[in-house]
Amino acid sequence: MADRTLDFSGLKCPLPILKLSAVYPEFKSGEIIEVIADCPTFERDIKTWCQKLGKTILNIEKYNNKVKVTIRI
Amino acid sequence: MSSPDCEYRDSLSEILHLCSDILIKIAQGDTTQKIEITSDNPDIQRLINCINKLSQEVEVMINLTHELAIGICEHFDVLRRLYLGDFSATASEESSIEVVKMLGQLINKQKERFLDYIAEIKKQQEEIEKLYDQQRVTLSSVGVAILVSEEDMTVEFCNEEFERLTGYSKEEIEGKMKWTAFFSEKMLDRMIEYHKLRRIDPSLAPRQYETLLKDRYGNIKEVLLSVAMIPYTKKSIASVVDISERKRIQEQLIHSQKMESLGFLSERVAHEYNNILTAVLGFATLLNAKIEDQSLKNYVQKVIDAAERAKDLSKKLLIFGRKEELGEIKEVNLNKYLMDFSEFIKAVIGKDIEFVLDLPEEEIFYRIDPSHLEVILMNLATNARDAMPEGGKLTVGLKKISIDIEYSYTHPLVKPGSYILLCISDTGVGMDEKIKQKLFEPFFTTKPKGKGTGLGLSTVYGIVKQYEGHIHVYSEVNKGTTFKIYLPTTDTGKKTSIDKESLKGNETVLLVDDDEQPRQFFASILREFGYTVLEACDGQEALRIFNENKDSIALCIVDLVMPILSGLEVVKRIRQIKPNQKLIIMSGYPVSFKDMVSLEKNLSVEEILYKIREVLNKEG
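So the sequences go chain by chain: A and B. Residue numbering for the first sequence follows my numbering, beginning at 1 and increasing consecutively. Residue numbering for the second sequence follows my numbering, beginning at 74 and increasing consecutively.
Simulated from the structure, these hints should not be mistaken for lab results. Please read these numbers as outputs of a predicted model, since none were measured by experiment. Accuracy of the hints is not assured; some may be wrong.
Below 20 angstroms or equal to it, Euclidean Cα-Cα: the simulated EDC-like pairs (lysine to aspartate or glutamate) are [as the list claims (entries may be wrong)]: (1) A:Lys-12 to B:Glu-132; (2) A:Lys-55 to B:Glu-236; (3) A:Lys-68 to B:Asp-315; (4) A:Lys-47 to B:Glu-202; (5) B:Lys-243 to B:Asp-315; (6) A:Lys-62 to B:Asp-103; (7) B:Lys-98 to A:Asp-38; (8) A:Lys-28 to B:Glu-130; (9) A:Lys-47 to B:Glu-132; (10) A:Lys-52 to B:Glu-229; (11) A:Lys-52 to B:Glu-236; (12) A:Lys-12 to B:Glu-140; (13) A:Lys-47 to B:Asp-159; (14) B:Lys-251 to B:Glu-236; (15) B:Lys-98 to A:Glu-43; (16) B:Lys-195 to B:Asp-150; (17) A:Lys-19 to B:Glu-140; (18) B:Lys-538 to B:Glu-401; (19) A:Lys-19 to B:Asp-150; (20) A:Lys-52 to B:Asp-103; (21) A:Lys-12 to B:Glu-130; (22) A:Lys-47 to B:Asp-150; (23) A:Lys-52 to B:Glu-167; (24) A:Lys-28 to B:Asp-150; (25) A:Lys-52 to B:Glu-166; (26) A:Lys-55 to B:Glu-401; (27) A:Lys-19 to A:Asp-3; (28) B:Lys-243 to B:Glu-266; (29) A:Lys-55 to B:Asp-150; (30) A:Lys-12 to B:Asp-103; (31) A:Lys-66 to B:Asp-103; (32) A:Lys-52 to B:Asp-315.
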């Protein structure tokens, strides 16, 4: 169960990761969050983002042209 | 790559349909698909090529946008961590986008500069802390009480000396107490006003002033306060010097000067009074011898008795003025004297008062007129008895003490040296400071009218001063009083342990004295102790004898005062003949010479022989 969910559906990449970067500092270290987006490049973006910022991807789930990525902050 | 599921593979409409599908995907940001089919129609083929080219260009742009976004996210995160103080964060300096790469380098350089700056600040901070520590240690060990006060009067800092002075600890004081807690209430209004004025302009308040400090036990001490403002702050620093002792010494000096004047006055009055009394007594005695009428004789006898009492009174005044001639001064074994005299004391104080005699094992000798000792002891014992109407304890103690230079700093009237301490303590009603101040003044008494003359303690004072001694009085109301009498000693404490054998000698001594009696006396003693004595009755004879016997004469004892050739002249001439000749100058009163031993004629035989032996035993 995630601590919170961020739904960026409808936003074009790279806006989802830019938004994520702006809001995640407010989260506690170790918190589990779900990020949802429907941009085709989102999955690639969030993978790079997690790798560069040292966050762990716990799960990737695709449904209805959307991608839900669960990460640990 | 073309779509394998395309339903309109070869027709124009199918191709256009495919093109529009691909364009939609490109618009969505999906540039993974391409149109692989070819067309014979050059226009269609150009459209296909254009769409594929568009896909490629859009992909490049998307990649760039994403790289830019990731770069921004990454740098943003590093800046955020640095802001939070996490200096392990380092920005990536790798990016195909020049500005992102440069931003990463800039962040890292900024971080380095920032770290250098922090290191510099830390270094300065350490320096400041070191200086602060040095300052604290200096202030702590400066030997004067110091306190630093805030504008609201809270004590920010105080040193160990201040702790000692007030009885409070630093933990209790610093940051918790206001300086007003350490001063007497009656001084506070003025001090608080100074505190405020000083913060307006330091010149408005005195830099130094005397005030009253109150310690934690409520004791009041006179102190000298020196206050200054600490630059760039509203804090002030004050040094507090306890001047109670200084004041006490000043008072002691004033008191002693007062006693000195009183002594002088008493002596003058007593002297004049004595002259008159001599006439009164003389003529009354004559009259008494001449008249025969018994009733008149009785009257005259009463005059004689009254004059005798008056004479006794004037004698006491003379003693106080220290002009009374010394009686028979002799070597007194104080232990034995006190032991014998304690019977009289016991009789004076009665059975309700316990008497304790505290004597040292070592016998103490002192050159004193025994009648003076009697006056001292009887007066103090009588006073002690009167101070203990309900009974109590009277202790008489005796010991030898040595007063060092440090003690004499705080008691300027007491010279450093060896003393005999006679201590008389009672457990009586004691006395307050006011009485203590007047205690030794002539005619001062606390006894009921007619019970005391008020001359007892002033006589004791006079006697002690006559021996160049001192009296200290310690008294507490309802606890008791102790009189400490310090009598200076010139001896080295050897009298009691002198071995008669060690006083003997077989050397030849030339004894020069124009006065026959003492010369013969000394000669006979010296002979008795084994010496060969050559006698000379004047300087010329002495020089003649010395010239004839200079090799055998080990010591010359020369009287200081002689007619024709004085003792010093004889000594000078002897030294011209034999420069290293051992010599002793003898006189009837104490004298001292820089390069010669002197001897008082009135010393005891043992002391004289001891001194002679000391000179003879000395090498060179």
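Looking at the structure, which of the earlier hints fail to hold?
Violated hints: 2, 3, 4, 8, 10, 11, 13, 16, 20, 26, 28, 32; rest satisfied.
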